[in-house]
Structure formats: structure tokens, C-alpha cells
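Novice: Here the protein sequences come in this chain order: A and B.
Numbering-wise, the first sequence is residues 1 to 456 according to our numbering.
Numbering-wise, the second sequence is residues 1 to 228 according to our numbering.
Derived by calculation from the structure, the hints in this document are not laboratory data.
There could be a bad hint or two in this list.
If we take Cβ atoms under 10 Å as the criterion, some of the chain A residues that face chain B in the derived model are [unchecked claim]:
1. Ala298
2. Leu302
3. Asp303
4. Glu331
Glycine residues also receive a C-beta, built at the ideal position from the N, C-alpha and C atoms.
Now for the letters of each chain:
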Amino acid sequence: MSIDGPAPAPWLSRYLASWTRVPGTSAYLLVSFVVSMVAISVLSSVFFAGLGMVILLIGLPLMSGSLLLAKGLGVAELGMLGWTGLPRIEAPVWPRTAADAHWTSRLLAPLRSGHHWSYLLHQMLINPIVSTVTFALTVTWWATALGGLTYWIWDVFLPEPNVDPWAEWLRNHVPLLGGFTASMAETVAYLVAGVVFGVTLPGVIGGLGRLRHAIAAAMLGRWPSDELAARAEAEAQARQSAVHAEDSAMRRLERDLHDGPQQRLVRLQMDLAATERRAAAGDTDQAAAYAREAQQQAKAALDELRALSRGVAPPLLADRGLVAALSALAEESPLRVGTDLDPALDAAVPPEVGRAVYFVVAELLTNAAKHSGASEATVSARVHGDDPARLRVTASDNGCGGAQFRDGHGLSGLRERLNGLRGTLAVESPPGGPTRIDVVVPLVAGVQPGQPPSLS
Amino acid sequence: MTSDHAQPGNAGAEAIRILLVEDSVLLREGLARLFDEAGYTTVGAFADAVDIVERVRSASPDVVVMDVRLPPGFHDEGIRAALELRRAVPEVAVLVLSQYVETVYARELLADARGGVGYLLKDRVTSLAEFTDAVRRVRAGGTVLDPLVVKRLMATARDPLAGLTPRELEVLELIAEGHSNTGIAERLVIGTGAVEKHVSAIFAKLGLADSGSGNRRVLAVLAYLQRG
Chain A
1 MSIDGPAPAP
11 WLSRYLASWT
21 RVPGTSAYLL
31 VSFVVSMVAI
41 SVLSSVFFAG
51 LGMVILLIGL
61 PLMSGSLLLA
71 KGLGVAELGM
81 LGWTGLPRIE
91 APVWPRTAAD
101 AHWTSRLLAP
111 LRSGHHWSYL
121 LHQMLINPIV
131 STVTFALTVT
141 WWATALGGLT
151 YWIWDVFLPE
161 PNVDPWAEWL
171 RNHVPLLGGF
181 TASMAETVAY
191 LVAGVVFGVT
201 LPGVIGGLGR
211 LRHAIAAAML
221 GRWPSDELAA
231 RAEAEAQARQ
241 SAVHAEDSAM
251 RRLERDLHDG
261 PQQRLVRLQM
271 DLAATERRAA
281 AGDTDQAAAY
291 AREAQQQAKA
301 ALDELRALSR
311 GVAPPLLADR
321 GLVAALSALA
331 EESPLRVGTD
341 LDPALDAAVP
351 PEVGRAVYFV
361 VAELLTNAAK
371 HSGASEATVS
381 ARVHGDDPAR
391 LRVTASDNGC
401 GGAQFRDGHG
411 LSGLRERLNG
421 LRGTLAVESP
431 PGGPTRIDVV
441 VPLVAGVQPG
451 QPPSLS
Chain B
1 MTSDHAQPGN
11 AGAEAIRILL
21 VEDSVLLREG
31 LARLFDEAGY
41 TTVGAFADAV
51 DIVERVRSAS
61 PDVVVMDVRL
71 PPGFHDEGIR
81 AALELRRAVP
91 EVAVLVLSQY
101 VETVYARELL
111 ADARGGVGYL
121 LKDRVTSLAE
131 FTDAVRRVRA
141 GGTVLDPLVV
151 KRLMATARDP
161 LAGLTPRELE
171 VLELIAEGHS
181 NTGIAERLVI
191 GTGAVEKHVS
201 AIFAKLGLAD
211 SGSGNRRVLA
221 VLAYLQRG
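Next up, chain A with everything else stripped away, as it sits in the complex (with noise of 0.2 Å):
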């Protein structure tokens, strides 16, 4: 289509890209009308026989055999639309019945789903008409076009010249065709109707296409409730996340403080039970050997605990906020960390974010650390305003990668603990590298369970 020279006016090369959909519009237009044609006959024989024998009851499975069917065709008329290059269409939230329900409950099911109707409705009623129709404009158009560039062709073909009246009256009422035969002014006026009806024809058919595709939005697409049911879905899922990252660091901090400071204390109690007795008889020496043995065990005991509370809400980080959390960790690593943290951080993330994120980045900078063999990493923080705000943290380093989601294990856990608060963290790390890690937290404020955040 280019051409040496300026480039097109921006109405042209708009009117020339609508060209690259017309072939697959029209295929719609064409081979959906067919599939309509058939779809019609076939449900309303099995819906209607169910209809009248609905008091036999066998009608009722029936009817809801001809809903099933209705699913099917609406999902391959959504598929078919994506030949238009249209926006797809999401099909709807289908009701699930639970595994455990009754034979018949499950096969009646569709008859109480109101998206089952409304696609029955769609393939019985709505789309034979306006298939029909669109059907007919289509042939319309693309056979005046054809048809009319190209009469000029094949029109000495014909058996016999056959003049009509209207091209007698069009060479007497048209100045311009004065000189013309009648048959010459019929020849120009196909040509001027091929002409229109072509360069007419992205928009018509264009037209048709989008009218079917809003038709199929309303009836086939998704409903305002089950967007409503997708977020309270992905509410629940978020809790459960909350529930069980929190469930499963309840349970290993309990394992931890039983292996650990626990198993100290009480052989420091004991220790200092034999200091006691130790004293009482006069053994100094023996005292004082127990009591160092005491001291030792208390101060394993603090460093453990020490280990531990830092593991649960790092001191700097609860001091100073996040900021100052992730540039200690960047400090403190190894490797060279070079940071880009808002300093908007702090007022604008709520202090479980900042764990979770303060731990996602410690996390990489660890196995970065240990495993990957990185010299370098980079780690940027960023408070983003739009609605609903949001904080991304990006983390990479340039090591060897194969950084992995295990079971109950650093990343794994971490991402649980931020689906729980709506958040997602995406790694990328390909077998030699880089590894990239890619966080990003909804900041909403105060979300009470009955008011979803909105979904984005």
C-alpha cells in the first residue's frame, strides 16, 4: 500500500486499514447466517417437543438438552466473531453444580441459569432475524459492487442487449450522458453504483459486523453479576491466600521457637537448678562451671530469638519505615545494589505491604546471594497514584536465574502472603538468567469484606 512520496492523510490511511477486516467480517456475515439457519431448526424442534411434553416430564430434560445445545452454538457464534477483529467477548461465569449433587438436579441445571436462556433466546429468536438481514446486506453489497465495477465486461455477454426503460429515461434526464446510447448510459450507471457500493463497503459490512458483535455482547457476553461474582471469587481466594500464608508462618514460628530458644530455656533452668545445688554444697567451682554453661544457653537463646523476631518484622523496618528497610538490605548485601525508592513510600504503604514487599526483596537478594552468582542487582520501589493506587517493586540481578516457586518455601510462601493482600508477584528467571522479579500491591485503604476493591 505505501508509496513513495508524503504519506497519506490520516482519514486515508484509516479508510485503507478498514479494508483489512472486511474479508473476515464478511465470512462471519456469510457462514453465520448459515450456522443460524440450522441452529433455529434444531432447537426449536428439541425445545418446543420438550415444551409439549413438559407435562410427561420426559420434556423437561428435553428443554434443557436444547439449553446445553444453545451454550454450545452461542460459544461457537463467539468464536466465529473473532473473525471480525473485534474485541472478544468473555464468555459468561456458566453456574456450577457441586460434584456431590444428584443426577437430576445436574441434569436440569441449565433450566434454572439465566445465561442459558438468554443464549436460547439469542439462537431461537434474535439472531435468525438479524442474521438474515445482515446476511441479505452483505450479498447486497458485495454483489452491486462486483457486480456493477465489472458490468461493463461481461454485459456484451448477454443473450440478448436488453435495454432497460430506466436507462432511456437516465439518458434523457442526465445532461452528461446527452451523447450516450441508452445502452452506454446504463454500462456508466452500474459503474457509478459499483463504485459506491465499493467504496462504501468496509463501512457497511464494518457497520453490520459491530452490530452483530453488541447484540452477542448483551446476550452472549458477561452480566454486571458476574463480575460481581468474579470479584467476591477473587475476594474469597484473596482471603484464603491471607488465611493460609498466615496459618502455615504461625505453624513454622511455632516449630522454630520449640526447636530453638524453648529446648534453651529449659536447659537453662535445669543449669541453673545445678548451680543451685551445686552452691548449696559449697562446690564453687562446679557452680561457676555450671553457671557459664547457664549464660551460654541464655545468650543462644537471645540470639535465636533475635533471628527469629527479625524474621517476623524486621526492627528497621518497623522503626523506619520502608525506605529505610530496603536501603539497609541493599547495604547489607554482598552484592552491589544500586536502589530507586519513593520517598512516598512510607506514607502511602500500610505496614503489611511493607513486610511482605520488605521480604520479597530480601528474599531475592538472598538467592541472589547464594545461588545465582550475580555481582549486581537493582531494586526500585514506586508508589503509582492512579485509581486505584498501587505499589510496584521491581527486583532483578544479572545472575544465573532458575529461581523457583517450591512448596512452603521463600517465594511460594511470599506470593501467598501478597495474594492475601490482592497483590501478585510475578518471577522471571530462564535457566542463565537474568532473574526479575515483579511485584505489584493495590494500596486501598481500610477494604471492609462487603466492599470489594475494584478490580484491575
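Given the structure of chain A, go ahead and fit chain B onto it with the hints provided.
Specialist: Chain B in isolation, oriented as in the chain A frame:
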């Protein structure tokens, strides 16, 4: 290596005056008992760092022993109070005691490069000798850093330390903690001459000028470790 039977305090020589800021009653009592044992005079014990400068001015202690997390916010009030004290009453030494140590705080405390400041884990207090040693050193204008902070700084300093021998690394750690050559010699059970040799080798390898006083040495080492 440490002996807790060291002569507690030499009470006669001079009674060091201590002002204590610690919010936990349990630890306040424990520390007061320890000061007593060391022969120090506790001139004040407070649960928070409010109006710390006035309190210090009126009690005129030699050393302020300060907790980090204090009311009302339980964040880093102790560090802020310590910095305020360094500015307002530089002649009073400050020894910060905490349940955890952060290199960030260590750097802030050392930033004015004037010495007379220490930063230790509370655990160190269990050893009377270690504690009195730390108090003596900060009071003399030295710098005392917890071995844990030093370890972390050493761990993050990359390639520059590669050229040091293990023995030199050991000596470097002790310098960073604030020990004098004699102190280092005692700890490593070697002669002072050997320590001096190690020290000049370290300074030469790191390209630092060895300025005689203990405090300047510590700051030079820390400045070196913290860069990059």
C-alpha cells in the same frame, strides 16, 4: 577469654556517674544492680528519653546508657536522643544498648566522628568485665561497636578485604570494635609488636593513613568499610 572475676570497678579510684534510660522495669533493675556491682553511681534512671538534654544537664553523668526502643512510639527514640545528646552535651559519653543492632544506627552514631559513643547488644551486659571495659572506653572518648555490627560490615565489604590474611582480618575486626593495640594483643594472645605489624600491614593494604589514636583508627576503618 573474658574473666568475670576482674576487679569490679576499683570503686575507690573514681565513681563513674551513670544515667540510665530504659523502659523495661525488669532490665532497669538488672542494670542498676550491675552498675552497683561495678562500683558506678546511678544518678538517674528514666523510662523514656523525654527532655533528655535537660535531665542530663541537671544530673551531669559521665556516661548515659540508653535503650533504643522507648515510649511513646517504640521506634528509634533512643538513637535520636543519643544524637541529640552528642550535639548538645558532647562531653557526656553515650552507650546505646539494644536488643538488636542495625548498621544504619551505628553509622548515624559514628557520623560526627567525635568518639565517646558506643553501640552494643544488651547481651554483652551479662559479662561484667566486657561491660565495664566498654564504659571505660567510651568515657575516655573512644568508640565501641558491637562485634555483630562489625561482622555485618565486614560481610558486606567485598573485594577490598580479599588481600588480607585471616589473622589480619581478625585484627581488623577488633580494631573496628574499638580495641587498642594492647587490647587486641591480649585478646589474640600475641605480643603488641606483632599486633603493630599486623595493623600497619592492614592500613597499608587498605590504603588508609594510620592516625595514632584508637578512635581515629576505628573511624578510618569504618569509613573504609562503609564506602561503596
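Novice: It remains to establish, for every hint, whether it holds in the given structure.
Specialist: Going through the hints against the structure:
no., hint, verdict
1, Ala298, "holds, 7 Å"
2, Leu302, "holds, 5 Å"
3, Asp303, "holds, 8 Å"
4, Glu331, "holds, 7 Å"
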